[in-house]
Amino acid sequence: MLRARSLEAGYGELKVLKGVSLHVSPGEIVAIIGANGAGKSTLLCAIAGLVRPSAGSVALRGEEIAGLRPERILAKGCSLVPEGRKLFAPMTVRENLELGGYAVRRRLGRKASEADLESVYGLFPVLEGRQGQLAGTLSGGEQQMLAIGRSLMARPDLMLLDEPSMGLAPLVIKGIFAAISSLSSRGKTILVVEQNAKAILRIASRGYVMETGSLVLEGTGEELLANRDVQRAYLGKEYSSIDEDRGQS
Amino acid sequence: MTRVDAYETMGREDLEQVQVERLQATLHRACQNVAFYRERFEALGIDIEKVRSLADLAELPFTTKDDLRASYPYGMFAVPLKDIVRIHSTSGTTGKPVVVGYTANDISVWATLVARVLRAAEVTEHDLVQIAFNYNLSSAGLGFHYGAERIGSSVVPSSGETVGRQVLVMRDYKTTALVGTPSYALHIASYLREQRIHPDELRLRVGLFGAESWSEATREEIERGLHIKAYDNYGLTELMGPGVSFECKERSGLHVNEDNFILEVIDRSTLRPLPPGEEGELVFTTISKQGFPLIRYRTGDVSAVMEGACPCGRTLSRMRRVSGRVDDMIIVDGINIFPSQIEEAILKVEGVAPHYRVVVDREGGLDVVEVQAEVSPDFPDLDEAAKVAALRSRLQASLDEALGFRARVAFVEPETIERSDGNKLRRVIDKRPK
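Residue numbers (this note's numbering), protein chains in the order written: chain A, 44 to 292; chain B, 26 to 459.
No lab work stands behind these hints: they were computed from the structure. Even glycine gets a Cβ: it sits at the ideal position worked out from N, Cα and C. Careful: at least some of the hints might be erroneous.
The following label-pair restraints were derived from C-beta to C-beta distances [as the list claims (entries may be wrong)]:
#1 Glu56(A) <-> Arg451(B): 52 to 62 Å
#2 Gly152(A) <-> Glu150(B): 49 to 59 Å
#3 Leu214(A) <-> Glu150(B): 56 to 66 Å
#4 Arg451(B) <-> Gly105(A): 24 to 34 Å
#5 Cys335(B) <-> Leu214(A): 20 to 30 Å
#6 Gly338(B) <-> Ser224(A): 24 to 34 Å
#7 Tyr198(B) <-> Gly80(A): 38 to 48 Å
#8 Ala80(B) <-> Gln176(A): 55 to 65 Å
If you only want the chain B side, here are some residues facing chain A, beta carbon under 7 Å, derived [what the hints assert, rightly or not]:
#9 Gln42
#10 His53
#11 Arg54
#12 Asp108
Given these sequences and hints, build the entire structure.
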C-alpha cells in the first residue's frame, strides 16, 4: 500500500527525517514509536504532503506521491488524522463530518455521502447522538472520534493517525484503540504514530522504532514488546522490573 | 508445495524494500552500539545516512574474521551482555574462536529460519529428527534443534554418541530425518555396511547436511548408502548458524533467507561485487540480528548467485552450492584447487573409500600434492598387488582429469584416515614453508 524509501524532510536548515524507509502492506496496522522530537509527526506530515520531502520517495500503491499537494494525496486515498485533532470547533459534529467528505462528495454524490455518514455513526454511535452539538464542546475522546470520523468521510484506503491517544484518560484511550482495530477489520490500512507504545504494539501487526530522525528497529508488535531496548526506552521498564518479569515467567 | 513463510515468496520489489529498511536500521544500531563500526565508519568518513539502496552497500568496508578475532570475546556485541540469552562460538579451527551472542529475539528468528530449511526438505511435525551435530559451543546442533522443535518434529539430540549408538537410536527410535555433517553421514553409511545392516531396516527418509562443503558425488554416495534424499544447507556461526541458505526439493542451488541476510559475491582481487553467475567470495550482511550484527562479512566461502527463478515458487535468490573455502583452497603452481574437487575424483573410482587427506609440501622448490586414500573394505582383491596397482592408476587418472596437474596418489592402511566425529574435518595439511 505505502512504501517510503530514504525519505528526508525538515524545516529550513533543520533536517528532521534522515532517510526513513518503511512500508505498510494492505490491511496492516503499523505503529511508529519513539521519543518526543524523534520526527514521528514530521514523517506523517511528509507522507500526507503537509511537509515537502527534500529527498527520497513515497509510493502509494506503486504511484509516486512525494511532493504532491496534500489535497492530491488525499484524493489518492491517503488521509491524515492530525495530532491534537484540529477540528472546526465552532461547527457542529455533522458539519465537521460533511467537510471531511467534501473532497469526494462531488465525485460520489450526496447519497454516497449520506451512507458514509451513517457508517461513521455506526463506528462511533456517540457522535450520532451529538451530531448537532458544536465540536468544541465535545469531550477529548469524542473529539478524537470525530477527527477519525471526519477523516473516514474522504474514503481513504490508508489512514495516518498522529498520536490518537494524546491527552485522553486511560478508559477513553481503550475505546480509541478498539476503534482503530475495528477500522482495520473494516479494511482500512493504518499507519499510526503513538506515545502509548505498549497499547499500540498490542494491536499493531508491525512496528518501527524511531530515534532522532531514523528508524532503528522493525518487528512485529510482539517482537517489539519483548525487545529490551524498547522496554527500557518506551515501556517505562527499568532493569530491575525486567528482571522481575523474568522471574515471574 | 510445503508451507512457506510469506517472505519466501514475496515479490522482489517488496523484498528489496524490506532489505533496505532493515539494512538502514541495522547500520544505525551498529553505529550506535558497536564501537568498532562507529570508529571505522568515522575514520573512513562514511555517512550511513547516505546508504539509500542496496547498491550503496558496496561503499561500506568489509568485516573480516580478523576483525572479529581482534574484538574477542565481546567487542562486537550490539547489546549489553545482560540482554544476551545465548552464546555460541566458532570451532576456532583456523585461530582464536569467534564468540557470537544472541538476544531472545535473535533465537526466535533463528528458529523460524531453520524451520524454513527443514520444511523445504519436506520435514514435518510427523518426523523424528536425529541431530548428530555437536552441541558444545557450536551453533549447528542447537540451531537445528530449535528449528525442528518450531515445526513440531520430535527431536533426538544424539551428538557425542558413538556411531554404533547413533545407529541403534536411528533404528530403535525410528528416526526419519538425519541432521549432521556429510562426512558423518558417510561414516554412518560405512558402519551400516560393516555391520551388514541394510539401510531399509531403518526408517530414515531424508538427511540435511552442512558445515562442510561436499560434492554431488558425495551426495550420491550418501543417498546410496543410507537410502535417503540428501539436502544441502549453509550457514556459519558468525552470521547466526544454520539457516542462512538451504536447498528446496528442486535441489538446484540454495535459497538465501534474504529477508535476514543480504548476499554479495565479490571478486577476491578487486573486492568489487560480481554479477549473478560469476563465482567469487560470499559476503553477507545481517539485517535482523540484534545481538551480533555483521556488515559485509567476508565468509571465505566461494560460490556464486544463480540467475533465474526456481520452479519451487520461492522468490528468494539462490546461491550455488559452496565449492570450497578460500582458506581450504590450495594454490599449486598458480592453480586453485578445492578439496571438494579431489573428493569428487576419489568418489568416481569404485574400490576407493570416501575418506581422504591431502598433504601439500615443497620439494626442491616445487609444490608437491599427495592425495592419501584408503582402499575400500568392499574391494575384494586387497591382497593382490596387481589389482591394487590397477586401482591406484584408475584413481591417478581420475585425479589427473579433475585437477589438471599431477598429484601423487598414496594408499594408506584402511581406517587410518581421520573420520568425522560430527565436527568439521580438516582434510588439507599444508607443510610448505610460509
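Between the beta carbons of Leu214(A) and Glu150(B), is the distance compatible with 56 to 66 Å?
Between Leu214(A) and Glu150(B), where Cβ atoms are some 43 Å apart, the hint is violated.
Quick one: are Gly338(B) and Ser224(A) within 24 to 34 Å, going by C-beta?
33 Å, holds
Ala80(B) versus Gln176(A) beta-carbon gap, inside 55 to 65 Å or not:
Between Ala80(B) and Gln176(A), where Cβ atoms are some 57 Å apart, the hint holds.
38 to 48 Å was suggested as the range; check whether the CB atoms of Tyr198(B) and Gly80(A) agree with it.
For Tyr198(B) and Gly80(A) the Cβ distance comes to about 59 Å; the hint is violated.
With 24 to 34 Å as the target window, see if Arg451(B) and Gly105(A) comply at their CB atoms.
52 Å, violated
Hint check: is the beta carbon of Arg54(B) less than 7 Å from a beta carbon of chain A?
5 Å, holds
Agreement of hint Asp108(B) with chain A interface, Cβ distance less than 7 Å:
Holds - the Cβ of Asp108(B) comes within 7 Å of chain A, reaching about 4 Å at its closest.
Minimum Cβ distance from His53(B) to chain A below 7 Å?
With a minimum Cβ separation of about 5 Å from chain A (threshold 7 Å), the hint on His53(B) holds.
Verify the CB-CB distance for Gly152(A) and Glu150(B) against the hinted window 49 to 59 Å.
For Glu150(B) against Gly152(A), whose Cβ atoms are near 55 Å apart, the range 49 to 59 Å holds.
Whether the CB-CB distance between Cys335(B) and Leu214(A) falls inside 20 to 30 Å
53 Å, violated
Under 7 Å, Cβ to Cβ, is where Gln42(B) needs to be relative to chain A, so tell me if that hint holds or is violated.
With a minimum Cβ separation of about 5 Å from chain A (threshold 7 Å), the hint on Gln42(B) holds.
Within 52 to 62 Å or not, the Cβ separation of Glu56(A) and Arg451(B)?
59 Å, holds
In the structure shown, a violation is registered for the earlier hints numbered 3, 4, 5, 7, in ascending order.
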